[in-house]
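Now for the letters of each chain:
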Amino acid sequence: MSSTPRFLQGVYAFTGTGLTKPAPIDPSLSFVVPSGMTAQPLYFRGGNSSGELISVTLMRDGQPMRVFPMGARSSVNVPLRVVEDVDPDSTLELVLAAPEGTSGEVVIDFGMVVF
Amino acid sequence: MPVAKRRLVVVGNGMAGARTVEEILARGGGDQFDVTMIGDEPYGNYNRIMLSHVLSGETSIDDDDLMLNPMAWYRENGVTLRAGDSAEAIDRFAKTVTCASGTVIPFDALIIATGSNTFFPNMDGLREADGRLARGVFGFRTIEDTNGMLQMATSRDDIRAVVIGGGLLGLEAAYGLKTQGLDVDVVHSPGHLMNQQLDERGGKVLRNKIEELGVGVYTGKRTTAVLRDDSGRVSGVGFNDGDSLPADMIVVTAGIRPNVELARGAGLVIERGIVVDDQMRCEDEGFIYAVGECAQHRSEVYGLVAPLWEQAVVLADVLTGNNPDAEYHGSRLTTKLKVAGVDVAAMGVKGPEREDDEFVQFYEPRSGTYKSVVVRDNKLIGAMLLGDISKANFLTQAFDDKVPLPDERISMLFDMGTPTAATGAAELADDVQVCNCNGVTKGDIVSCVQSGCTSVSEVCAQTRAGKGCGSCKQLVGDIVEFAAGDTLTVDKSAEWYVPAIPLTKPELIDAIRRQDLRSVTEVFAALAPDGEDAASKMPLSSLLRVIWGQDWKREPGALFVNDRVHANIQRDGTFSVVPQMKGGVTSPEQLRKIADVAEKYDIPMIKATGGQRIDLLGVKKEDLPKVWQDLDMPSGYAYGKSFRTVKTCVGTDYCRFGLGDSTQLGIDIESRYQGLESPAKLKLAVTGCPRNCAEALCKDFGVVAIGDGKWEIYVGGAAGAHIRKGDVLATVDSPEEVIRLCGIFIQYYREQAKWLERTYAWVPRIGIEELRAILVDDRDGIVDGLQERIDEAVGNYVDPWLDRAQPRSPAQFTSSLPLLPLPKVPVR
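Residue numbers (the numbering used here), protein chains in the order written: chain A, 1 to 115; chain B, 1 to 828.
Isolated chain A (complex conformation) (with noise of 0.2 Å):
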C-alpha cells in the first residue's frame, strides 16, 4: 500500500560503438514515474557475456546518475545504499556503453520502489 517494487530486466544482445558512446540497450528499458509519485532506485545487477569491459549507465533525463561497470564475462550486484528520490515526470533509462565491434548479450535486474 505505502510503495510498489518496479523492476527493468531481461536479457538483451548488444553491438559495442565505443566505451564512451553510450546507445540506448532496448525501450523496455526506460521508465516514465508517474505523475503524483516518487521513485529510489535500490539496486542494480548485471551480467555481461562479452570477453571486454562493458558499462551500464542508469539515466535521470538523459544525464547519468549511476555508473555499473562490468568486467569480460562477469556479473555485478550493486545495493544501492545512498537512495534518492527521482521526481515525478523524470525519465528513467538504461544505456550501455562497449568497445567498438564487441558484441555479446547484457543481463539486467534494475529494482526500484514507487510510492
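Quick caveat, the hints were computed from the structure, so don't treat them as lab data. These figures come from a predicted structure and were not determined experimentally. Misleading hints may appear alongside valid ones.
[As the list claims (entries may be wrong)] Distance condition first, Cα-Cα at most 20 Å in a straight line; then the derived SDA-like pairs of lysine to any residue:
id : chain 1 : residue 1 : chain 2 : residue 2
1  : B       : Lys350    : A       : Phe115
2  : B       : Lys204    : A       : Met37
3  : B       : Lys350    : A       : Pro5
4  : B       : Lys553    : B       : Arg789
5  : B       : Lys221    : A       : Asp87
6  : B       : Lys221    : A       : Thr91
7  : B       : Lys553    : B       : Glu599
8  : B       : Lys204    : A       : Ser35
9  : B       : Lys754    : B       : Glu507
10 : B       : Lys350    : A       : Asp87
11 : B       : Lys350    : A       : Thr38
[As the list claims (entries may be wrong)] Between beta-carbon pairs, the in silico distance windows are:
id : chain 1 : residue 1 : chain 2 : residue 2 : range
12 : B       : Asn323    : A       : Pro79     : 25 to 33 Å
13 : A       : Gly71     : B       : Lys5      : 46 to 54 Å
14 : B       : Glu76     : A       : Asp61     : 55 to 63 Å
15 : B       : Gly351    : A       : Leu53     : 23 to 31 Å
Ideal Cβ placement from N, Cα and C applies to all residues, glycine included.
Place chain B on chain A using the hints.
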C-alpha cells in the same frame, strides 16, 4: 553478587523510542538496564497524531492526551532523559554516543529510533541562503511546527495558507488551519486526494467533502516554486504548468523520509532506511537495533504507528531475554481514521489487479459514501470505506484471515443479516487490534474488564485505548459493554465533582450542608460508596473550606503540601514565601523588613512576581514560622487554589492617562476577598484606563476604568499556558458595584466549577450570556444567597500565617527530604 546493569542508550524520544522503553520496563528491563534516552525536543514523549487536534484547537499543548510520557514518567522509572540534546555521532567500536552538548555516553546496547523528517520537495525559494526554511514555510511533524503555524495563524487577519500534499497529514493540516479561520488551499500532485490509500472514486468523494468545508482543492499540480515578494516574504506558490496561488503561509506535507544521517555516519547499512533483521538488529551488529520509521525491515519502511508497536514488542522481548526468539514479520497495514471530519478506512490493494479478482463497489457521491472490496481466491485483499465505516471491523478481520467471507459479497459492505456492529464486538477475535494508535487488542480490553474496570472511561484510562486519534472509541465502548454485560457502569462520573462520590458539585454541597459534614473523613464515610479515595481528598478539602470556611475540620493528610504549610514548594524541596502587598503597593518600612528577613535566613533569591509581589525563594521548611514571625505581614497566597493577587496600575495618582483610581479599587478588592478558597487559583487585576498596564483583559476577573466613573468587568481571561481574552460580564458605574459583583462571581464560581477548572474554561463552558443572566440580572433569584454566603466566608477570614504560633500538627514545619536530588538552584 548482583550482576552489574547493562547500559542501554536509546537515540530518539519519539513514539517508537519511548514505546520500546515502556515495553522493556514492562518486562522487568529496569533491573537489567540503566536506560538513557536522548531526545532533541525539550519535552517528554508525545503523540504526534494528536498534533492535528492541537492545530484545530480541540486539544491544547499541555493536554494529557497529547503527552504520552510526561517528564515525571522518566524520573519515576529511573530512565535518564537527555531532552533538548541530540546525538551527533555513534562510535560502533568504542560503543559510545556523542551528543551535541559534547557529552559522551557509553553503551552496551543501542537502540536507534530517530524516526523520520518532513520531506521538502525541490522547490525554488523554499530556503534562505543559509539553508533554513523560509519564514512562513512549515512542515507538520513536531510541537514546534504546530506552534509556529498557530502563532502565524493568529498573528493577523486574512491569512491565506497553501498546503502542499493532499495525503492524510495534508488534509488534517488544511482542516486545522480552516478551523483557525484561515483561507486554505490544498495542492496535490497526483490526480486525486489520499492516493496512497484511496482509488479515484474514493478520492472524488473525499474531495467533495473537503470542498464543502470551504477548502480549495487543486489536484494534478506539481508545486515547483515558493514565490517571494521584494522583501523576501512568502507570497505564494508556483506550479509546473505556470499557474500560481497566493499564500502567506505554506505547509509542506509531501511525505516523510527516514532520518538515517546518524546511522549512516556510524557506517551502518542503509538503504531506504536502516536495514534491520527480524529482531530489529542492524546488519553486522549484535548490539545495535533500530525501530520505527527510521528502520527498513524486509525492504519496507513504515510511516504509520501500528507497526511501531509491533516492532517495540519484539525488540523488548529480545533485549530483555523475555523471549529471545521473538521475530517481527512485517505488518499488514489497515488504516482507520477520521480525515477532516470524514471517516475513512482502507486496507490492502485499491482495485482489481488480475482478470479473476472480484471487485464490489458502492458509490453514492451525494451522501459522500464510497465502499469497495477486492477479493482474490476467496480472500479479502483490499477494502476501502468512506463516509460509513460501520463494516470496518469485520473487514479488518477478514483482511487478517480471521473470519471467512460471506458468499454474498455485497453483505461485506452493508448489514444485510450479517452481524450488526454490537454483536460484531462479541465476535471479534481476541487478538484483533482495536486501537491502532496505541496497539490495544480486544483481548487487552476484555481482560481489563475482567480485572474489575466496568466503565468505558476506566478501561480507556487503563489500556490507553481510544487515547490516540479517537476513531475507535465507539468500538471500545461496544467491547466494554459486551465484556461487562450487566456489570457495566455508565459513565455518569464525568458529571461528578470527585470520582469517589456519585454527586454533582451542587448536589454534593447540598448533602454536606444538610448532613453537617465537617471533615473529609466524614464526607467519605457518609457519601462515598467505596470509602476513601486518595485522589478525591484535595478537592473535597477545598470544597469543605468553601462551605464551612474556618469551621471545617482540618485533616493534614487531605491537604497538598502547599496548603499544609501555606507556602509554595519548589523543586529542590524548599519553599517560597510571598508577603501580602495589597494592590502591589509597599512602603520603605515593609521593604526594609523584607530585606532584613532575607539576610537573616540566607534567602538565596528575591524576585518580583508577575503579580507585582516580592517572592522570597529558597526558604527551608523549618524556617517558615520564624520567617513569617519576623516579617509580621499577612500571607500573600502565592501557593493556593485560592484568590491570589489583584494587580493594579498607578491609576489616577501619578498616571497622566488614568480614568479611575485603580490602585485603591485593587486594594479594596484584595482586602475584602483575600485568601478565599476556590476550585483553582484566581488572578485579578484592575487597570485605570484602556491602555491596560495591569493586563486586566486576561485575568480571571479583570476591571478596566473607561471614564465617566464607569468600570468594565472582564471574566474568564488567561495568559498562562492557555491564552484567552476575558468576556465582558458587565459595565458598572461605581467601585462599590465592582466589589459586589466580584464577590457574587467568585462565590458562584466556588460553588459551580469543577475542581481545578480555571475560569478560562469555566466561563466559556457556562456561557457569558448565561452568567450575565444569573449574576447580573438575577434571573434565577439566587444572588441574595450568593451574597450571604460570600459575606460569611469573608467574615471568617483568618490569616493562615498565624499558624506559626501553634503548628496544627507536630510535623507541620519540620523538614522532610528534598523532593529531588537536583543540582542547586543557581543564586543570581
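A quick look at each hint next to the structure:
For the hint linking B/Lys350 to A/Phe115, the alpha-carbon distance of about 14 Å falls within 20 Å, and the restraint holds. Annotation: proposed proximity of B/Lys204 to A/Met37 holds, straight-line Cα distance about 19 Å (limit 20 Å). For the proposed pair B/Lys350 and A/Pro5, the alpha carbon gap of about 16 Å is at most 20 Å, so the pair holds. The straight-line distance between the Cα atoms of B/Lys553 and B/Arg789 is roughly 19 Å, inside the 20 Å bound, and the hint therefore holds.
Restraint check for B/Lys221 and A/Asp87: the C-alpha separation of about 13 Å stays at or below 20 Å, so the hint holds. Of the pairs offered as hints, the one joining B/Lys221 and A/Thr91 holds, with about 18 Å between alpha carbons and a cut-off of 20 Å not exceeded. A hinted pair counts as satisfied when its Cα atoms are at most 20 Å apart, and B/Lys553 with B/Glu599 does not qualify at roughly 37 Å. Distance restraint check for B/Lys204 and A/Ser35: the Cα-Cα separation of roughly 18 Å lies within the 20 Å cut-off, and the hinted pair is therefore satisfied.
Among the hinted pairs, B/Lys754 with B/Glu507 is consistent with the structure: their alpha-carbon atoms are about 13 Å apart, no more than 20 Å. A threshold of 20 Å between alpha carbons decides the hint, and for B/Lys350 with A/Asp87 the separation of about 23 Å lies outside it, so the pair is violated. Simply put, B/Lys350 and A/Thr38 have alpha-carbon atoms about 18 Å apart, close enough for the 20 Å limit, and the pair holds. Evaluation of the 25 to 33 Å hint for B/Asn323 and A/Pro79 yields a pass: the beta carbon distance comes to about 31 Å.
Evaluation of the 46 to 54 Å hint for A/Gly71 and B/Lys5 yields a pass: the beta carbon distance comes to about 53 Å. A C-beta distance of roughly 56 Å is found between B/Glu76 and A/Asp61, which places it inside the suggested range of 55 to 63 Å. A hinted range of 23 to 31 Å for the beta carbons of B/Gly351 and A/Leu53 is inconsistent with their spacing of about 46 Å.
The structure fails to meet hints 7, 10 and 15 from the earlier list, while all remaining hints are met.
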